[in-house]
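Those protein sequences? They're chains A and B, same order as listed. Position one of the first sequence corresponds to residue 418 (the working numbering), numbered consecutively onward. Position one of the second sequence corresponds to residue 271 (the working numbering), numbered consecutively onward.
Check the hints yourself; a few may be wrong.
As the list claims (entries may be wrong) - In silico DSS-like links for lysine-lysine, alpha-carbon gap of 25 Å or less: (1) A:K561 - B:K904; (2) A:K453 - A:K485; (3) A:K567 - B:K848; (4) A:K553 - B:K888; (5) B:K376 - B:K392; (6) A:K561 - B:K848; (7) B:K868 - A:K561; (8) B:K679 - A:K478; (9) B:K888 - B:K868; (10) A:K561 - A:K478; (11) A:K549 - B:K334; (12) A:K549 - B:K827; (13) B:K680 - B:K450; (14) A:K553 - B:K882; (15) B:K594 - B:K747; (16) B:K291 - B:K392; (17) B:K392 - A:K478; (18) B:K376 - A:K549; (19) B:K747 - A:K553; (20) B:K679 - A:K553; (21) A:K549 - B:K680.
Claimed, not checked - Over the 12 Å line for every Cβ pair with chain B, so calculated as not near, a few chain A residues: (22) D419; (23) I420; (24) D435; (25) A454; (26) M467; (27) A474; (28) P484; (29) R501; (30) R505; (31) D512; (32) L513; (33) L540; (34) Q565.
Keep in mind the hints are simulated off the structure, nothing from the lab. Ideal placement from N, C-alpha and C gives every residue a C-beta, glycine not left out.
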Amino acid sequence: MDIERIDQIVDEHGREADSLIQVLLDIQSEYHWLPKAALQRVSERLRVPMTRVQHIATFYKAFSVVPKGRHEVHVCLGTACHVRGAPRILDSVEDLTGIHPGETDLELKFSLETVNCLGCCALGPVVEIDGKAHGKVTTAETPKILEQYK
Amino acid sequence: MALLHSPEELERFRRDLCDKKDPDMPRISVCAGAGCLAYGAAELIESFKAEVEKQGLAAKVDTKGTGCPGFCERGPVVVIYPEEICYLGVGPKDVPEIIEQTIKGKKVVERLVYTDPNTGEKASRESEIPFYKLQTRTILSNNIKIDSKSIDDYLSIGGYSALAKALSWMTAEEVVDEVKKSNIRGRGGGGFPAGRKWEGSRDAPEKIKYVIVNADEGDPGAFMDRALLEGNPHSVLEGLIIGGYAIGAREGYVYVRQEYPLAVKNIKLAIKQAEEYGFLGENILGSGFDFTVKVHQGAGAFVCGESTALMTALEGRAGEPRPKYVRSNVKGLWNRPTVLNNVETWANVPFIINNGADWFTQFGTEGSKGTKIFSLVGKITNTGLVEVPMGITLREIIYEIGGGIPGGKKFKAVQTGGPSGGCIPEELLDLQVDFDALTEAGSMMGSGGMIVMDEDTCMVDVARYFIRFLTDESCGKCVPCREGLRQMDKILTNITEGRGKEGDIETLEELSELAIDASLCALGKSAPNPFLSTLRYFRDEYEAHIKDKRCPALSCKPLISHYIDPSKCVACMICLRKCPSQGITGGKNLIHVIDQDKCNNCGTCLEVCPPKFGAVRKFSGEPVPAALPEDQRKIVRKSKSK
Numbered sequence: 418m419d420i421e422r423i424d425q426i427v428d429e430h431g432r433e434a435d436s437l438i439q440v441l442l443d444i445q446s447e448y449h450w451l452p453k454a455a456l457q458r459v460s461e462r463l464r465v466p467m468t469r470v471q472h473i474a475t476f477y478k479a480f481s482v483v484p485k486g487r488h489e490v491h492v493c494l495g496t497a498c499h500v501r502g503a504p505r506i507l508d509s510v511e512d513l514t515g516i517h518p519g520e521t522d523l524e525l526k527f528s529l530e531t532v533n534c535l536g537c538c539a540l541g542p543v544v545e546i547d548g549k550a551h552g553k554v555t556t557a558e559t560p561k562i563l564e565q566y567k
Numbered sequence: 271m272a273l274l275h276s277p278e279e280l281e282r283f284r285r286d287l288c289d290k291k292d293p294d295m296p297r298i299s300v301c302a303g304a305g306c307l308a309y310g311a312a313e314l315i316e317s318f319k320a321e322v323e324k325q326g327l328a329a330k331v332d333t334k335g336t337g338c339p340g341f342c343e344r345g346p347v348v349v350i351y352p353e354e355i356c357y358l359g360v361g362p363k364d365v366p367e368i369i370e371q372t373i374k375g376k377k378v379v380e381r382l383v384y385t386d387p388n389t390g391e392k393a394s395r396e397s398e399i400p401f402y403k404l405q406t407r408t409i410l411s412n413n414i415k416i417d418s419k420s421i422d423d424y425l426s427i428g429g430y431s432a433l434a435k436a437l438s439w440m441t442a443e444e445v446v447d448e449v450k451k452s453n454i455r456g457r458g459g460g461g462f463p464a465g466r467k468w469e470g471s472r473d474a475p476e477k478i479k480y481v482i483v484n485a486d487e488g489d490p491g492a493f494m495d496r497a498l499l500e501g502n503p504h505s506v507l508e509g510l511i512i513g514g515y516a517i518g519a520r521e522g523y524v525y526v527r528q529e530y531p532l533a534v535k536n537i538k539l540a541i542k543q544a545e546e547y548g549f550l551g552e553n554i555l556g557s558g559f560d561f562t563v564k565v566h567q568g569a570g571a572f573v574c575g576e577s578t579a580l581m582t583a584l585e586g587r588a589g590e591p592r593p594k595y596v597r598s599n600v601k602g603l604w605n606r607p608t609v610l611n612n613v614e615t616w617a618n619v620p621f622i623i624n625n626g627a628d629w630f631t632q633f634g635t636e637g638s639k640g641t642k643i644f645s646l647v648g649k650i651t652n653t654g655l656v657e658v659p660m661g662i663t664l665r666e667i668i669y670e671i672g673g674g675i676p677g678g679k680k681f682k683a684v685q686t687g688g689p690s691g692g693c694i695p696e697e698l699l700d701l702q703v704d705f706d707a708l709t710e711a712g713s714m715m716g717s718g719g720m721i722v723m724d725e726d727t728c729m730v731d732v733a734r735y736f737i738r739f740l741t742d743e744s745c746g747k748c749v750p751c752r753e754g755l756r757q758m759d760k761i762l763t764n765i766t767e768g769r770g771k772e773g774d775i776e777t778l779e780e781l782s783e784l785a786i787d788a789s790l791c792a793l794g795k796s797a798p799n800p801f802l803s804t805l806r807y808f809r810d811e812y813e814a815h816i817k818d819k820r821c822p823a824l825s826c827k828p829l830i831s832h833y834i835d836p837s838k839c840v841a842c843m844i845c846l847r848k849c850p851s852q853g854i855t856g857g858k859n860l861i862h863v864i865d866q867d868k869c870n871n872c873g874t875c876l877e878v879c880p881p882k883f884g885a886v887r888k889f890s891g892e893p894v895p896a897a898l899p900e901d902q903r904k905i906v907r908k909s910k911s912k
């Protein structure tokens, strides 16, 4: 992690305490997680107590305080996908990857998350991997989809 | 681009823009909304551009990616102007034919137009397709006409004329009065009259005030705000600036969830363009009114859609709701008067200012005026965004616009209002949809998600699904919501897993009452709705789960078993190969049998069994027939020789 880059992100947001969430979002999107050193730096630069930084970092879903895998698997559990059988898809993804939502496997290959609606309900059930949506997924197809990601 | 200093300059600029455009020039509009992008619309746009270039038509044909026109089911959607020919389900391989036939030859490619599944009739124009015919499209109508990244496109369809009108010919009070007269109610869920909210802020003595766009659309299954913000961000921005002028605010915020990266990008671009043209900044259009807008990205918390939690999040803190002893339009963001409205509400404002309140009130019912966008999803033939006048019946939306339930299944319920809403059963299908009627039926309008459920959907599981969602999203401030919902989730999970017991329903009712009475914000107060409404209309399903350990919809995994009907199995080996638990025994010419001990009811066998055989069945509440003895499993096939 590059402390100078963290400083740069803080400066881009005007070094105001109320920009804390926006700063953390930028760090998250760059590193895919929030390393503790980064949080400490943000706390110092924004003059926000570390407890509050930690509170924010754990309150909001977009943040992760542990490293993420190479591929981020998002299984949509929005209502439309739910009624179209998304829970069964999630079960099969869990079986295949060996991890539950919120977890990352030991090889840091996959991180699994559930999301609530990706806005393409016509394609439900949807599994999004690294930003690419796979639509109308069936349990029979999930192995083939996951195999595409090395 | 130079600043526009007055309404006259804006009109002159607009005239020049329109003069430069040849109305007969062919335009190819490809939907670049979330649904169509998932179908591959980005590649489609590229192939259109490449083909146009290849044919040497680059100067004569205008190709663009536009906002979402709503017909997500049949995406990617392409509309060719000026003829308004609508092609559905278009892929890159269709591009050369469209260019050759339609752009050059002015002929319709019949195989790509809408075909009525019942009558086989074709409809080449958007207005002739049943999905669109019954809708009243105002705020959504412009999405397909403009490139969402182009302010000039928005100006050429009359954009920012409402702002010019408000700033130069109306006083701030007159703007508030017009919005009050229109009686528009907040489109985000609560349905509070926007005019009254504005007036409260207008009259508050504080000097500094704020206006906010709530684009933290968190309801699972609702994506109308996303479509508006991605497809026509300037219309939302124009509404916001007018609102700022009306209440006397000089600063505005757009709170948009980070899960919508394209919406974030487009609204940021729109703000930048509006600054360049002088619709934002100092002395807007020479009126002396100053206004700036900032974008704040939400970091993923459903509760932040609640107004006070959203304002707390804007202040850079964890988004927990605050008590509303004084309404936020008097003490809101940083304790100053703040008007917060939903994306769709703001997008309506320019129409109300331009056409007048009387135009707006011609649509709708006594208590709910105007049109409303619904996202029609779930077990429905035509998934998509529909904009209809308030007062239309659920039956019209689901059967005439939505095309009914696919696969010959039976309708069971429609869920409206997101996690805080409820399920409406078949006997209420003729309900006229408006704020009050839905509340009376035990549901609510919410932001407009409409999830259709068929006979395969278990209503207890639906209640459990929403309660779990809200348990996860509860901020944890109030005990009845934090702890009560957790207990409700536990009991409902027990019921769906066959561990329900007598008295569970009563305990759930008690916990519901407590959450409603003793939670601070709308999340907790309305959280029991999914349970209460399903109990009200589908009590028998709860009882079947608890007493008979049976799931009538054959959906709750622990309560069902899969079984292969030996009289229908032809030993094709498909299910045997696909079964992830290796739980099917059989072989060539040997009838397949599911080993009930190995089966985890994933349903793969049911999915892959070819419909013409239909050998896999589900059972619940009754014993699965014993497996055929091994010596009787052999299939003797009739001779194939002629």
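Each hint tested on the structure:
Distance check on the hinted pair: K561 (chain A) and K904 (chain B) sit about 32 Å apart at the alpha-carbon level, beyond 25 Å; violated. A threshold of 25 Å between alpha carbons decides the hint, and for K453 (chain A) with K485 (chain A) the separation of about 14 Å falls inside it, so the pair holds. Distance hint between K567 (chain A) and K848 (chain B) is fulfilled; the C-alpha atoms sit about 22 Å from each other, no more than 25 Å. As the CA atoms of K553 (chain A) and K888 (chain B) are separated by approximately 22 Å, the hinted pair is consistent with the 25 Å bound.
Annotation: proposed proximity of K376 (chain B) to K392 (chain B) holds, straight-line Cα distance about 17 Å (limit 25 Å). Between K561 (chain A) and K848 (chain B) the alpha-carbon distance is near 12 Å, which keeps this suggested pair within the 25 Å criterion. At most 25 Å may separate the alpha-carbon atoms for a hinted pair to count; K868 (chain B) and K561 (chain A) meet this at roughly 23 Å. Among the hinted pairs, K679 (chain B) with K478 (chain A) is inconsistent with the structure: their alpha-carbon atoms are about 37 Å apart, more than 25 Å.
Restraint check for K888 (chain B) and K868 (chain B): the C-alpha separation of about 16 Å stays at or below 25 Å, so the hint holds. Proximity of K561 (chain A) to K478 (chain A) is assessed by CA-CA distance (about 29 Å); at most 25 Å being required, the pair is judged violated. With a C-alpha separation of about 22 Å, the suggested pair K549 (chain A) and K334 (chain B) falls inside the 25 Å cut-off, and the hint holds. With a C-alpha separation of about 29 Å, the suggested pair K549 (chain A) and K827 (chain B) falls outside the 25 Å cut-off, and the hint is violated.
A hinted pair counts as satisfied when its Cα atoms are at most 25 Å apart, and K680 (chain B) with K450 (chain B) does not qualify at roughly 43 Å. For the given pair, K553 (chain A) sits about 21 Å from K882 (chain B) by alpha-carbon distance, which is consistent with the 25 Å threshold. Between K594 (chain B) and K747 (chain B) the alpha-carbon distance is near 15 Å, which keeps this suggested pair within the 25 Å criterion. The hinted pair formed by K291 (chain B) and K392 (chain B) fails the criterion: a straight-line CA distance of about 31 Å is larger than 25 Å.
For the proposed pair K392 (chain B) and K478 (chain A), the alpha carbon gap of about 46 Å is over 25 Å, so the pair is violated. The hinted pair formed by K376 (chain B) and K549 (chain A) fails the criterion: a straight-line CA distance of about 36 Å is larger than 25 Å. Among the hinted pairs, K747 (chain B) with K553 (chain A) is inconsistent with the structure: their alpha-carbon atoms are about 38 Å apart, more than 25 Å. With a C-alpha separation of about 18 Å, the suggested pairing of K679 (chain B) with K553 (chain A) holds against the 25 Å cut-off.
Using a Cα cut-off of 25 Å, the hinted pair K549 (chain A) and K680 (chain B) is violated, with the two alpha carbons roughly 33 Å apart. With a least beta-carbon separation of about 22 Å from chain B, D419 (chain A) lies farther than 12 Å from that chain, consistent with its non-interface assignment. No Cβ of chain B comes within 12 Å of the Cβ of I420 (chain A); the nearest lies about 22 Å off, and the non-interface call holds. Its beta-carbon lying about 4 Å from the closest one in chain B, D435 (chain A) breaks the requirement of being farther than 12 Å from that chain.
Its beta-carbon lying about 20 Å from the closest one in chain B, A454 (chain A) satisfies the requirement of being farther than 12 Å from that chain. No Cβ of chain B comes within 12 Å of the Cβ of M467 (chain A); the nearest lies about 14 Å off, and the non-interface call holds. For A474 (chain A), the non-interface assignment is contradicted: its Cβ lies about 9 Å from the closest Cβ of chain B, within the 12 Å cut-off. Consistency note on P484 (chain A): stated as away from chain B, and its beta-carbon is indeed over 12 Å from all of that chain's, at 18 Å minimum.
Distance check on R501 (chain A): its Cβ comes as close as 7 Å (rounded) to a Cβ of chain B, failing to clear the 12 Å threshold; non-interface status is violated. Not every beta carbon of chain B lies more than 12 Å from that of R505 (chain A), the smallest distance being close to 6 Å; the non-interface claim is violated. Once the 12 Å rule is applied to beta carbons, D512 (chain A) is inconsistent with being away from chain B; the minimum gap is 7 Å. A beta-carbon of chain B comes within 12 Å of the beta-carbon of L513 (chain A); the shortest separation is about 8 Å.
At the 12 Å boundary, the C-beta of L540 (chain A) falls inside the reach of chain B, the nearest C-beta of that chain being 5 Å off. Listed as outside the interface, Q565 (chain A) is consistent with that label: its C-beta sits roughly 16 Å from the nearest C-beta of chain B, beyond the 12 Å cut-off.
Hints 1, 8, 10, 12, 13, 16, 17, 18, 19, 21, 24, 27, 29, 30, 31, 32 and 33 from the list above are not met by this structure, while the remaining hints are.
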